[in-house]
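Dock chain B against the given chain A, drawing on the hints supplied.
Chain order of the listed sequences is A and B. Going by this note's numbering, the letters in the first sequence line up with residues 1 to 406, in that order. Going by this note's numbering, the letters in the second sequence line up with residues 407 to 812, in that order.
Quick caveat, the hints were computed from the structure, so don't treat them as lab data. Every residue gets a Cβ at the ideal spot worked out from N, C-alpha and C, and that includes glycine. Hints may be right or wrong, so weigh each one.
[What the hints assert, rightly or not] In the DSBU-like style, the derived pairs of lysine-lysine whose C-alpha atoms are separated by at most 30 angstroms in a straight line are:
#  : chain 1 : residue 1 : chain 2 : residue 2
1  : B       : K709      : A       : K62
2  : A       : K305      : A       : K321
3  : A       : K62       : B       : K702
4  : B       : K510      : A       : K36
5  : A       : K36       : A       : K372
6  : A       : K67       : B       : K468
7  : A       : K359      : A       : K373
8  : B       : K702      : A       : K67
9  : B       : K709      : A       : K67
10 : B       : K473      : B       : K711
11 : A       : K303      : A       : K395
12 : A       : K36       : B       : K473
13 : B       : K711      : A       : K296
14 : B       : K801      : B       : K709
15 : A       : K67       : B       : K580
16 : B       : K702      : A       : K303
17 : B       : K473      : B       : K702
18 : B       : K558      : A       : K152
19 : B       : K473      : A       : K62
20 : A       : K372      : A       : K176
21 : A       : K104      : B       : K442
22 : A       : K152      : A       : K173
23 : A       : K62       : B       : K468
24 : B       : K614      : B       : K580
25 : B       : K473      : A       : K296
26 : A       : K303      : B       : K473
27 : B       : K801      : A       : K67
[As the list claims (entries may be wrong)] Residues from chain A that keep clear of chain B, each with C-beta distances beyond 12 angstroms, as calculated:
#  : residue
28 : P41
29 : S75
30 : F125
31 : E227
32 : R267
33 : S294
34 : D298
35 : F327
36 : T328
37 : E341
38 : I356
39 : G374
Protein chains: 2
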Amino acid sequence: MSRTVADKKITANPAGWNLASHVADLEASIIREILKISSQPGVISFAGGLPAPEMFPIEELKSAAEKVIDESQSSALQYSLTMGVPALREALAQRETEQGIDTKPDNILITSGSQQGISLASNAFVDPGDYIITEYPTYVGAILSFNFNRVKYAPVEMDNDGMLVDQLEDNIKKYKPKFIYTVSSFQNPTGISMSLERRKALVDIAIKYNVPIVEDNPYKDIRFAGEDVASLKELGGDIVISLGTFSKICAPGLRIAWVNAHESILRTFEKIKQGADMHSNTLTQLMINEFIRSGKIDDHIEKLKVNYGKKCQLMLDEMDKQFPSEFTWTHPEGGLFLWCELLESMSASELLPKAIEKKVAYVYGAPFFPDKKGDNTFRLNFSNASFENIVEGIKRLGEVFKDNMP
Amino acid sequence: MSRTVADKKITANPAGWNLASHVADLEASIIREILKISSQPGVISFAGGLPAPEMFPIEELKSAAEKVIDESQSSALQYSLTMGVPALREALAQRETEQGIDTKPDNILITSGSQQGISLASNAFVDPGDYIITEYPTYVGAILSFNFNRVKYAPVEMDNDGMLVDQLEDNIKKYKPKFIYTVSSFQNPTGISMSLERRKALVDIAIKYNVPIVEDNPYKDIRFAGEDVASLKELGGDIVISLGTFSKICAPGLRIAWVNAHESILRTFEKIKQGADMHSNTLTQLMINEFIRSGKIDDHIEKLKVNYGKKCQLMLDEMDKQFPSEFTWTHPEGGLFLWCELLESMSASELLPKAIEKKVAYVYGAPFFPDKKGDNTFRLNFSNASFENIVEGIKRLGEVFKDNMP
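Looking at chain A on its own, in the form it has when it is part of the complex (with noise of 0.2 angstroms):
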């Protein structure tokens, strides 16, 4: 070796590095995108998928991470299980089998967000090219994590009650999906739920041809209006993989979700989450845990439900104010967040731009299409603004869309 690290003559080309082939197909995901736009000051964003910041049990949680730290001590700190803490499981296993899954604690595996969730989903099950069946249309976040494994997608439209069951039953046999992904409750985006009798058919058929269910359920708690209807999980037993999360009836920065499934299923998740990150976060794992053992949860979850009611309707009522009549939206019984539609030949992508012009933010609906289709449509978030914001907000919304009608 005559050459040395002095000599800089030679330096390091990162351009000429050969990614692995997976990575070309991945975008960034509009939420970056939205997540900047929402940090302009001024801007009233119905963009992002955020909580409520005034609604977090800020004191509880701060107690529960002094009360975790002087009991538990270095365990609290320290390398724990890649299952998760075994306090926080049993809790979790109680938890879910009071609320009528019938549920153990070795059913039970935490994750970091249900994020990780989705994409131990898509690891465990697909390889490229292989179909996955989604609601048309879905979570954008599920579509970065399936974009990963490079799925190929057989789409299922909805009507209010949710998946078209007699489409996904010829998708299933003309596709042979890997699984079915459904945000069967106030989904993302839309805000429509499924109907019980739309929910046992779709049982009925993942177990007729064998295909398992990812239920993504992470606003169910939070019903305000309606009855509530039985999960997926609860009326298909083993044929479901669900996925709760701690985000919406928390707080999302502590990323603490779990996955309750067949343990079988959940032996492979472990394998594939070691290697991700080996285990999620021990402290918050414990402040969840004592959050839940206090029974403070469950206040918690009836605030926020009177809460997002409120800003829901609040919402709908200047909508019906504001809007033009041409326009179409969905009335959600829970959930985040609604969704609207424009005439057919506008383009929610195309007055993104006018409306931040006006100092107010939405997300058009098109990355939440796995096709990229449905421009004419938008979603809005009405759990994170103020009750003041969403009144002025919806009123500049209606203004750039009247100003635009064609």
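The following block gives chain B in isolation, referenced to the frame of chain A:
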């Protein structure tokens, strides 16, 4: 649909689900087994890679949790950016720059433990069947991540100065690897630290062939003997993707680590991370930021070095007294591990059950070799056990070995 869910004659059959083909190759980590063994009552474990529990900065981290919740309120609990919390990225860029690596915040991506950094590198570069270069033996957790992407290994042997660079260059020419993975300082599992000359030669070769180096550097701050040596990142600049972590110098349960790399490759890592877990823990990122900015981290590292240096020396002294003189072992100048070779004809995996009978545990060496060879080697961790248990545990191990000499 005439059948209903109540008709339970047809049920789910998870055993019939068709998993991704890469899943068939995945083996569970022995880490899981290790942690089970460690937790059996009365067993003195030198098996895990756990930091000293008595050294965790418990009160400092409790104060940090209180302070960041008081000051940041809801933003300590809210969703945050995939790249990481800006304040922590700035603190890290400054800290890296002070340590000789010219770094801007845009060069920093926060990860959920360094395990995620390894996983991101593997996912970004490796198509099934691609070669990568590792040390021989190498970190078992890295093998987990790499196997997920179905790599082929072109391992390079080490002497006491680290990777043999002639073998490295031969392997690069022959296998055209996607990257070179190295634990450059106080390697896991061997405790070997690469010499300055060897580092310079490695960087030169990497630049010559434009093969990126993934420098996994979790132990670099824990040098308790010998002189500081520049990191590969300091020597090589953009050719190096460097992984740092707070797991060993603060607390692993907080799951906060970072990648320091050229911006172009971080864009790819960011896209993969969005789909993997969206972002790392907001609260514990802010806690670590507070721990750095208060200056307490440097005092803490000084105390750790003294503690780990004493424990390592004690273990070496006791091994001199208790182990058969035919065995050889490394004499690390830092880190958490040392590495021992039995006689060629002996099997560390066959002796482990006998050790556990005597209530002492280690990790046998085979899982650290991509080809599972090296069955006459094992790894000892000296950071986790108390001084008293190091003396007692090495005595027990010495008895096991003396009783089982061929």
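Results for each hint:
About 28 angstroms separates the Cα atoms of B:K709 and A:K62, which keeps this hinted pair within 30 angstroms; it holds. Distance restraint check for A:K305 and A:K321: the Cα-Cα separation of roughly 24 angstroms lies within the 30 angstroms cut-off, and the hinted pair is therefore satisfied. Among the hinted pairs, A:K62 with B:K702 is consistent with the structure: their alpha-carbon atoms are about 22 angstroms apart, no more than 30 angstroms. Annotation: proposed proximity of B:K510 to A:K36 holds, straight-line Cα distance about 20 angstroms (limit 30 angstroms).
For the given pair, A:K36 sits about 22 angstroms from A:K372 by alpha-carbon distance, which is consistent with the 30 angstroms threshold. For a cut-off of 30 angstroms, the pair hint linking A:K67 to B:K468 stands: about 9 angstroms separates their Cα positions. About 26 angstroms separates the Cα atoms of A:K359 and A:K373, which keeps this hinted pair within 30 angstroms; it holds. For a cut-off of 30 angstroms, the pair hint linking B:K702 to A:K67 stands: about 22 angstroms separates their Cα positions.
In summary, the hint linking B:K709 to A:K67 is supported, as the alpha carbons are separated by about 26 angstroms, within the 30 angstroms threshold. With a C-alpha separation of about 27 angstroms, the suggested pairing of B:K473 with B:K711 holds against the 30 angstroms cut-off. With a C-alpha separation of about 27 angstroms, the suggested pairing of A:K303 with A:K395 holds against the 30 angstroms cut-off. A C-alpha spacing of about 27 angstroms is found between A:K36 and B:K473, which places the hinted pair at or below 30 angstroms, so the restraint holds.
A hinted pair counts as satisfied when its Cα atoms are at most 30 angstroms apart, and B:K711 with A:K296 does not qualify at roughly 42 angstroms. Taken as a hint, the B:K801 and B:K709 pair is honoured in the structure, with Cα atoms around 27 angstroms apart against an allowance of 30 angstroms. Proposed proximity of A:K67 and B:K580 is contradicted: the alpha carbons are some 57 angstroms apart, above 30 angstroms. As the CA atoms of B:K702 and A:K303 are separated by approximately 39 angstroms, the hinted pair breaks the 30 angstroms bound.
For a cut-off of 30 angstroms, the pair hint linking B:K473 to B:K702 stands: about 14 angstroms separates their Cα positions. Restraint check: the Cα-Cα separation between B:K558 and A:K152 comes to about 27 angstroms, which is no more than 30 angstroms; the hinted pair holds. The hinted pair formed by B:K473 and A:K62 meets the criterion: a straight-line CA distance of about 10 angstroms does not exceed 30 angstroms. In summary, the hint linking A:K372 to A:K176 is supported, as the alpha carbons are separated by about 23 angstroms, within the 30 angstroms threshold.
For the hint pairing A:K104 with B:K442, the CA-to-CA distance comes to about 20 angstroms; that is within 30 angstroms, so the pair holds. Between A:K152 and A:K173 the alpha-carbon distance is near 15 angstroms, which keeps this suggested pair within the 30 angstroms criterion. With a CA separation close to 10 angstroms, the supplied pair A:K62 and B:K468 stays within the 30 angstroms bound. A C-alpha spacing of about 15 angstroms is found between B:K614 and B:K580, which places the hinted pair at or below 30 angstroms, so the restraint holds.
Only pairs whose Cα atoms come within 30 angstroms are accepted, and B:K473 paired with A:K296 is accepted, the gap being roughly 23 angstroms. Between A:K303 and B:K473, the direct Cα distance comes to roughly 26 angstroms. Compliance with the 30 angstroms bound is thereby established for this hinted pair. At most 30 angstroms may separate the alpha-carbon atoms for a hinted pair to count; B:K801 and A:K67 exceed this at roughly 39 angstroms. Non-interface status of A:P41 relative to chain B is upheld: no Cβ of that chain comes within 12 angstroms, the nearest being about 16 angstroms off.
With a closest Cβ-Cβ approach of about 7 angstroms to chain B, A:S75 is found to fall inside the 12 angstroms limit, against its non-interface label. Residue-level check failed: A:F125 sits 6 angstroms from the nearest beta carbon of chain B, not beyond 12 angstroms. Annotated as non-interface, A:E227 keeps its C-beta farther than 12 angstroms from every C-beta of chain B; the closest such distance is 18 angstroms. Residue-level check failed: A:R267 sits 8 angstroms from the nearest beta carbon of chain B, not beyond 12 angstroms.
The non-interface label for A:S294 is consistent with chain B: the shortest C-beta to C-beta separation is roughly 17 angstroms, beyond 12 angstroms. For A:D298, the condition that its CB be more than 12 angstroms from all CB atoms of chain B holds, with the nearest at approximately 19 angstroms. The Cβ of A:F327 lies farther than 12 angstroms from every Cβ of chain B, with a closest approach of about 29 angstroms, so its non-interface assignment holds. At the 12 angstroms boundary, the C-beta of A:T328 stays outside the reach of chain B, the nearest C-beta of that chain being 29 angstroms off.
For A:E341, the requirement that its beta carbon stay farther than 12 angstroms from each beta carbon of chain B is met, with the minimum near 27 angstroms. Residue-level check passed: A:I356 sits 19 angstroms from the nearest beta carbon of chain B, beyond 12 angstroms. Every C-beta of chain B lies more than 12 angstroms from that of A:G374, the closest at about 21 angstroms, which supports listing it as non-interface.
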